[in-house]
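I would like the entire structure built from these sequences, with the hints used as guidance.
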Amino acid sequence: MASVKDLRDRIRSLKNTQQITKAMKQVAAAKIRRAEEAQRRARPYADALAELLHDLLRAVHAVDHPFMRPGKSGAPSGLLLMTSDKGLAGAFNSNLIRAAELYVREKPDVTFYTVGVKARNAVRRMGARAAAGWPLAAASKIDAAREVARRLSDDFTGGRISEIVMISPQLVSMMSQRPQTRKLAPIVKEDLAALAGGKVPDDKPKGAVEFAPSPEFVLSRLLPKYLEFTIFSAMLETDAAFFAAQLIAMSNATDNAKKLIDELTIEMNNARQAAITKELLEIVAGAEALGA
Amino acid sequence: MASTIPFKLITPTRLIFAGDAHLVIAVTTEGEEGILPQHAPFLAALKPGLLRANVVENGRESRLELATREGFMQALPDRVTVLVDEALRFEDVDVAEARAALAQAVERQKSETGDAAAYAREQATIDFESAKLRLTGHGAAH
Numbered sequence: 015m016a017s018v019k020d021l022r023d024r025i026r027s028l029k030n031t032q033q034i035t036k037a038m039k040q041v042a043a044a045k046i047r048r049a050e051e052a053q054r055r056a057r058p059y060a061d062a063l064a065e066l067l068h069d070l071l072r073a074v075h076a077v078d079h080p081f082m083r084p085g086k087s088g089a090p091s092g093l094l095l096m097t098s099d100k101g102l103a104g105a106f107n108s109n110l111i112r113a114a115e116l117y118v119r120e121k122p123d124v125t126f127y128t129v130g131v132k133a134r135n136a137v138r139r140m141g142a143r144a145a146a147g148w149p150l151a152a153a154s155k156i157d158a159a160r161e162v163a164r165r166l167s168d169d170f171t172g173g174r175i176s177e178i179v180m181i182s183p184q185l186v187s188m189m190s191q192r193p194q195t196r197k198l199a200p201i202v203k204e205d206l207a208a209l210a211g212g213k214v215p216d217d218k219p220k221g222a223v224e225f226a227p228s229p230e231f232v233l234s235r236l237l238p239k240y241l242e243f244t245i246f247s248a249m250l251e252t253d254a255a256f257f258a259a260q261l262i263a264m265s266n267a268t269d270n271a272k273k274l275i276d277e278l279t280i281e282m283n284n285a286r287q288a289a290i291t292k293e294l295l296e297i298v299a300g301a302e303a304l305g306a
Numbered sequence: 081m082a083s084t085i086p087f088k089l090i091t092p093t094r095l096i097f098a099g100d101a102h103l104v105i106a107v108t109t110e111g112e113e114g115i116l117p118q119h120a121p122f123l124a125a126l127k128p129g130l131l132r133a134n135v136v137e138n139g140r141e142s143r144l145e146l147a148t149r150e151g152f153m154q155a156l157p158d159r160v161t162v163l164v165d166e167a168l169r170f171e172d173v174d175v176a177e178a179r180a181a182l183a184q185a186v187e188r189q190k191s192e193t194g195d196a197a198a199y200a201r202e203q204a205t206i207d208f209e210s211a212k213l214r215l216t217g218h219g220a221a222h
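Residue numbers (the working numbering), protein chains in the order written: chain P, 15 to 306; chain X, 81 to 222.
What the hints contain is simulated information worked out from the structure, not anything from laboratory work.
Please note that the accuracy of each hint is not assured.
Calculated lysine-lysine pairs in the BS3-like style (CA-CA distance at most 30 Å, straight line) [unchecked claim]: (1) P:Lys-203 x X:Lys-88; (2) P:Lys-100 x P:Lys-272; (3) P:Lys-45 x P:Lys-29; (4) P:Lys-100 x P:Lys-45; (5) X:Lys-190 x P:Lys-45; (6) P:Lys-100 x P:Lys-86.
Note that the structure is predicted; figures quoted are calculated from it, not measured.
Written as structure tokens, this is what we have:
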């Protein structure tokens, strides 16, 4: 049986750990609120973009935009892997990295682009080809997203990659985040229609819409914005999902620490009681020996 | 000018304005375009420039003026929506910074040869920085 002193030391160290996990849990809870607020503020833009697309798809006949042409055949697939910068969030990052590994198993010829320090490190460990990496934390997420989008679209239109695929976390609920894999380019009309909230609109517009200069031109301007914004909102969602995962992980860690502390405290009390009993027995035995 | 139309100005990071407008003027790729209530359905790509609108804010008539990056304007019979990458009000503009950014973009554009996309990017920066300066009353250097 461990000595009372050993047990007391272990309990003290566990209490310190518990304090740290409890603090991290509270910080995560506060940061989720901020991340969700950022997501909420991006919502009007998403809705308006969807509405624009809806109007455009009704008017556009043929679009000759690089994003809508099939990528260069034979070129590697471009995979944008998005994780958090930090850990201590349970299986959050490893689930995303596993999704990327599964993707690579099916399509071995992949060029990686990473957002998040954990993604960059994982790709390095895999020994895969990485074209560029950015941290998730940025002074301005929208500017960071624009940079990522520009690099990806340059590589796609330049024929260095044949498609753009993104793996990023989806915040299903506070308790559940899972990786989702989405193809960002080439875009087919049906993808856009899904974004615009339905099927390809085939009804005639209510009254002719006037386009300046033409629906095709406006759409060709809109597609890069769509890519930028999709990456931007994925970054916001990664943030929110990460803090949700961290909140759960830290909450579990705090509970586990409490359980361990309780068990060890009982063990320590038993050990202390045993020591006291043993001492008493010795004293009584000594007194009896003297009195005899 | 009694009639108004619901007007929204939106950037990816926030809703800048939502209210009623008598008139919205934006710089499209084809030139300035003014939208009055009951305008025919209209959809345009916007260049960086000045966005002006006569709006009703808290029940009072006021004038909205912002420097905006590129974006889109959609006019429907019942509303006007402007989507831009960034929109700055007068008080958000740092004049010295805008001057410096403008001068740098002009220099970079001069040395740019061949790459049409890069040239266009610099032009967009030039337009936006000039709009910032015009908004703050520091005139256009171009």
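Hints versus structure:
{"no.": "1", "hint": "P:Lys-203 x X:Lys-88", "in the structure": "27 Å, holds"}
{"no.": "2", "hint": "P:Lys-100 x P:Lys-272", "in the structure": "25 Å, holds"}
{"no.": "3", "hint": "P:Lys-45 x P:Lys-29", "in the structure": "24 Å, holds"}
{"no.": "4", "hint": "P:Lys-100 x P:Lys-45", "in the structure": "14 Å, holds"}
{"no.": "5", "hint": "X:Lys-190 x P:Lys-45", "in the structure": "45 Å, violated"}
{"no.": "6", "hint": "P:Lys-100 x P:Lys-86", "in the structure": "36 Å, violated"}
Hints 5 and 6 from the list above are not met by this structure, while the remaining hints are.
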